[in-house]
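K.L.:
In case you want the letters, here they are:
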Amino acid sequence: QQQVKQSPQSLIVQKGGISIINCAYENTAFDYFPWYQQFPGKGPALLIAIRPDVSEKKEGRFTISFNKSAKQFSLHIMDSQPGDSATYFCAASIDSSNTGKLIFGQGTTLQVKP
Amino acid sequence: EAQVTQNPRYLITVTGKKLTVTCSQNMNHEYMSWYRQDPGLGLRQIYYSMNVEVTDKGDVPEGYKVSRKEKRNFPLILESPSPNQTSLYFCASSLGAGQANTEAFFGQGTRLTVV
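Chains as they are written, first to last, in our numbering: chain A, 1 to 114; chain B, 1 to 115.
Check the hints yourself; a few may be wrong.
Claimed, not checked - PhoX-like, lysine-lysine: derived pairs with alpha carbons at most 25 Å apart:
1) B:Lys69 to A:Lys101
2) B:Lys65 to A:Lys68
3) A:Lys101 to B:Lys71
4) B:Lys57 to B:Lys71
5) A:Lys5 to B:Lys57
6) A:Lys101 to B:Lys17
7) B:Lys57 to A:Lys101
The set of hints was computed from the structure by calculation and includes no laboratory data.
The structure displayed is predicted, hence computed values, not measured ones.
Please model the entire structure based on the sequences and the hints provided.
P.N.:
This is the structure:
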């Protein structure tokens, strides 16, 4: 059972364009929603995260939009650059469970063409 | 430098030959976990540890063992590897569960092939 569903599986964007990756979750107890970025040969690294008390969080060119009623959240990369080419994972967790466990989406491979 | 170190980075082994993948973190983190990454499936948690001598199963624990005798180390043990355990493995650590402590730091991964 995939508790966090991510789409699309792959994405090709022209330099300067907007990249959008979507995630949907099932468990309403989730209260922490991070996005991880992974470059080839490297481990995932935290990119940006949001908690359900806000609907949007922006850090530079990266924005998370969160829709609690629809149980969906998305990552927007503005002015996409070739250096953004990587695999992106959304994730969710329940902080109050005290396990620190992250449930990951399936991943999206982003290619930004120059 | 704060980091999570896994060894080896690459490993090819034969079915049934016991192996251990080591993981060490230098950030004094309480929480450590192991994930496997497979195409189309994302990262799935194998085992986790909330502190020394405290471990529990994740979502895909079959065929794996772990131990946490020291805070910094969390080895992953495959007693009798099988080809379906061919995967990319990541160790991760975080300060501890709770609102401000959930960022996970990942190692660079171990690419395991079981033939």
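K.L.:
Between the alpha carbons of B:Lys69 and A:Lys101, is the straight-line distance 25 Å or under?
P.N.:
20 Å, holds
K.L.:
Going straight from one Cα to the other, do B:Lys65 and A:Lys68 come out at no more than 25 Å?
P.N.:
Measuring from Cα to Cα gives roughly 37 Å; hence the hint is violated.
K.L.:
When you check the alpha-carbon spacing of B:Lys57 and A:Lys101, does it fall within 25 Å?
P.N.:
Satisfied, since the Cα-Cα distance of roughly 11 Å is no more than 25 Å.
K.L.:
CA of A:Lys101 to CA of B:Lys17, is that 25 Å or under?
P.N.:
With Cα atoms ~30 Å apart, A:Lys101 and B:Lys17 exceed 25 Å; violated.
K.L.:
Is the Cα-Cα distance between A:Lys101 and B:Lys71 25 Å or less?
P.N.:
Judged against 25 Å, a Cα distance of about 18 Å means the pair holds.
K.L.:
Measure nothing beyond the straight line between the CA atoms of A:Lys5 and B:Lys57; if it is 25 Å or shorter, mark the hint as holding.
P.N.:
22 Å, holds
K.L.:
Is it true that the CA of B:Lys57 sits at most 25 Å from the CA of B:Lys71?
P.N.:
Distance ~18 Å between B:Lys57 and B:Lys71 Cα, so the pair holds.
Of the hints listed earlier, those the structure fails to meet are numbers 2 and 6, in rising order.
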